[in-house]
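Protein chains: 2
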Amino acid sequence: MMAKEMIRQGGRSARIQGEVHRAVQDLLTGMDRADITVPMIAEKAGVTPSTIYRRWGDLADLLADVAVAHMRPISDPDDTGAMKSDLEAFILQYAEEMSSKVGRDMLTDVLSGGNTAAIKCCGFTTQHLETLRARAAARGEADLDVELAIDLIIAPIVYHILFGDREPSADYCRGLIARFLKA
Amino acid sequence: MMAKEMIRQGGRSARIQGEVHRAVQDLLTGMDRADITVPMIAEKAGVTPSTIYRRWGDLADLLADVAVAHMRPISDPDDTGAMKSDLEAFILQYAEEMSSKVGRDMLTDVLSGGNTAAIKCCGFTTQHLETLRARAAARGEADLDVELAIDLIIAPIVYHILFGDREPSADYCRGLIARFLKA
Numbered sequence: 001m002m003a004k005e006m007i008r009q010g011g012r013s014a015r016i017q018g019e020v021h022r023a024v025q026d027l028l029t030g031m032d033r034a035d036i037t038v039p040m041i042a043e044k045a046g047v048t049p050s051t052i053y054r055r056w057g058d059l060a061d062l063l064a065d066v067a068v069a070h071m072r073p074i075s076d077p078d079d080t081g082a083m084k085s086d087l088e089a090f091i092l093q094y095a096e097e098m099s100s101k102v103g104r105d106m107l108t109d110v111l112s113g114g115n116t117a118a119i120k121c122c123g124f125t126t127q128h129l130e131t132l133r134a135r136a137a138a139r140g141e142a143d144l145d146v147e148l149a150i151d152l153i154i155a156p157i158v159y160h161i162l163f164g165d166r167e168p169s170a171d172y173c174r175g176l177i178a179r180f181l182k183a
Numbered sequence: 001m002m003a004k005e006m007i008r009q010g011g012r013s014a015r016i017q018g019e020v021h022r023a024v025q026d027l028l029t030g031m032d033r034a035d036i037t038v039p040m041i042a043e044k045a046g047v048t049p050s051t052i053y054r055r056w057g058d059l060a061d062l063l064a065d066v067a068v069a070h071m072r073p074i075s076d077p078d079d080t081g082a083m084k085s086d087l088e089a090f091i092l093q094y095a096e097e098m099s100s101k102v103g104r105d106m107l108t109d110v111l112s113g114g115n116t117a118a119i120k121c122c123g124f125t126t127q128h129l130e131t132l133r134a135r136a137a138a139r140g141e142a143d144l145d146v147e148l149a150i151d152l153i154i155a156p157i158v159y160h161i162l163f164g165d166r167e168p169s170a171d172y173c174r175g176l177i178a179r180f181l182k183a
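Read top to bottom, the protein sequences are chains Z and D.
For the first sequence, position 136 matches number 136 in UniProt numbering, and the numbering has no gaps at all.
For the second sequence, position 42 matches number 42 in UniProt numbering, and the numbering has no gaps at all.
Treat the hints loosely; a few may be bogus.
Said to hold, decoys possible - In silico EDC-like links for lysine to aspartate or glutamate, alpha-carbon gap of 16 Å or less:
1. D:Lys-84 x D:Asp-32
2. Z:Lys-120 x D:Asp-165
3. D:Lys-120 x Z:Asp-165
4. D:Lys-182 x D:Asp-145
5. Z:Lys-84 x Z:Glu-141
6. Z:Lys-44 x Z:Asp-26
Keep in mind that the hints were calculated from the coordinates and are not lab data.
So that you can see chain Z by itself, here it is in the shape it has in the complex (with noise of 0.2 Å):
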């Protein structure tokens, strides 16, 4: 009876969350996110606004919530036959959806959200290193260092599109992808 009991909480809470994402997602179309509020969402959602302050916190940490979720990746970098290539397929397509406006505003709800949705956030990037790295093992070619690839390339394209002081060019990429690659 209890198992029962939590697996149609389970089944509920899945659906609230469901439709919670999505009403954030339908509002973010359509507003600016300075104007959007709690109780907008929750009345587009049809739940209280106290459902989502106890499931979320504050506005904040849904917003950060939404945005992993959307980051979540849904496949594995792409197989090139090779590491260097393999790299560059990857962090060139980081670089340039980071860069965009979609994914600037869900980097800042990431990082104005609380400290779980930023390292799952980076857990993501660490996973898609880690994917590589293992089929440069199977391959036999060189290990991937997967921390210092986060500081020689991940970290200041972040960075660069965090201050907004720099574009992180195909080019910058490729200048970081062969530094790491001769460190």
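Since the structure of chain Z is provided, determine the placement of chain D on it from the hints.
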């Protein structure tokens, strides 16, 4: 007559900015930033909410402006007599300040506001590094490549602080400096 009016405007404008910044800081010390609203700040500062909206846009921009004002350097980094030790002193202090609760909150506020605040904020860091570079040049030491220092030292520190996946310890920072000096 017109010049006088403009001077008086300037004085009033600076006074309003001072009062509003002070009101934000007072509120931030006593309550959670998620609970702070523009009308609350306006009441404490003795201005109307529309004065704040007109001048700062929205709450995120105002919080970013207050954070940037706090980050503005009040003195040059310490002169320790040599480029390597200058860099180490500056970077260790930077990492410590930015990874404190106050530093993290300021970073988040800066990044949640408009692009202007973010560009100003990374401009302060560049400015400090330029000071170290000028000192090194005056001493006849090797050139300090400021852009490279941003990418190899500052970006990884900021990345790990923002994403919370790794503490930028003094040893970790020294490793980044050693990598930069070898590059």
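Given pair status - Asp-145 (chain D), Lys-182 (chain D), alpha carbons within 16 Å = 12 Å, holds
Measure nothing beyond the straight line between the CA atoms of Lys-120 (chain D) and Asp-165 (chain Z); if it is 16 Å or shorter, mark the hint as holding.
-> Status holds; Cα separation ~9 Å.
Would you mind confirming whether the straight-line C-alpha gap from Lys-84 (chain D) to Asp-32 (chain D) stays at or under 16 Å?
-> Violated, because 40 Å separates the two Cα atoms, which is more than 16 Å.
Restraint check for Lys-84 (chain Z) with Glu-141 (chain Z), where alpha carbons must lie at most 16 Å apart | OK: Lys-84 (chain Z) and Glu-141 (chain Z) at ~10 Å, within 16 Å.
Between Lys-120 (chain Z) and Asp-165 (chain D), is the straight-line Cα distance small enough, at 16 Å or below?
-> Cα-Cα ~9 Å, so holds.
Mind checking the alpha carbons of Lys-44 (chain Z) and Asp-26 (chain Z) for me, to see if they're no more than 16 Å apart?
-> 9 Å, holds
Hint violations for this structure: number 1 only, all remaining hints satisfied.
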